[in-house]
Amino acid sequence: MMLSFLLLVPLISGTWISSMNPITFSNTTLINLLNNGGYAIISAGRNPSLSSNEFILTDVMIQESLGNLSNDLTNTFLYSNVLGKYDGAIEDSFLVVLHNQSPDQERTIIYELGEKYHQDSVIYVKQASPVLQQLIYTTGPLNGTYIEGEGFKILSGNVTDNYSNVHLCPNDVLTFTLNFDFEHMITRDNSRIKTQQLLEHHARNRILNHWYRNRLD
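0 is the number of the first residue of the sequence shown in numbering that gives the first Met the number 0; add one for each residue after it.
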């Protein structure tokens, strides 16, 4: 059955949803999802903003966390596997298809899963006009703050950082990046402020991820 049809069908049975995961998008369906919103991106990998003991996870520990996250998602949402590179670290993630019936509740679910798996941030994109695109921080002093963005770019060639790869049917890959404004932060009291804090935060993440890669060499 075509996934483009499945996305139009109300998702009622958790067992039915579970049997579909992980899904494989067609190119058209994924582009429509990116254009119209109604998805999230979340992982369970290393978080360089944590303490060194929490940051230095083995690959076995990460696979276990990803399995647990998959279990948390699988009876509620359809999702596709994503391989991306963010702040200099390659990681496996899930692109989650939202139901769009209770968007505030779904945003809370994704945010709380980010907290549960000690992630630096999660991405939530609400199906709306215009599309509401947020990167929400879920640990540390930035927890609960977020930034906004608009649109995405399809990438090709030699991409070095901050991208997501999604395998498509029958045998293709789409590489994209989402646009975000890292110079303006929405605080926990919904104030919008101009700041360099987020640029500095992600610069530190890249330094720590680089240190970790060198540690393994």
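Just to be clear, a hint being listed does not mean it is correct.
Mimicking BS3-like on lysine-lysine, the simulated pairs with C-alpha atoms at most 27 Å apart in a straight line are [stated by the list, open to error]:
hint	residue 1	residue 2
1	Lys84	Lys125
2	Lys152	Lys125
3	Lys193	Lys152
Bear in mind the hints are in silico, worked out from the structure with no lab data behind them. It should be emphasised that the depicted structure is a prediction, and the values quoted were computed from it without experimental measurement.
These are the hints, each one checked on the structure:
1. Distance restraint check for Lys84 and Lys125: the Cα-Cα separation of roughly 23 Å lies within the 27 Å cut-off, and the hinted pair is therefore satisfied.
2. Note on Lys152 and Lys125: the hinted pairing holds, with a Cα-Cα distance of about 18 Å set against a maximum of 27 Å.
3. Taken as a hint, the Lys193 and Lys152 pair is honoured in the structure, with Cα atoms around 24 Å apart against an allowance of 27 Å.
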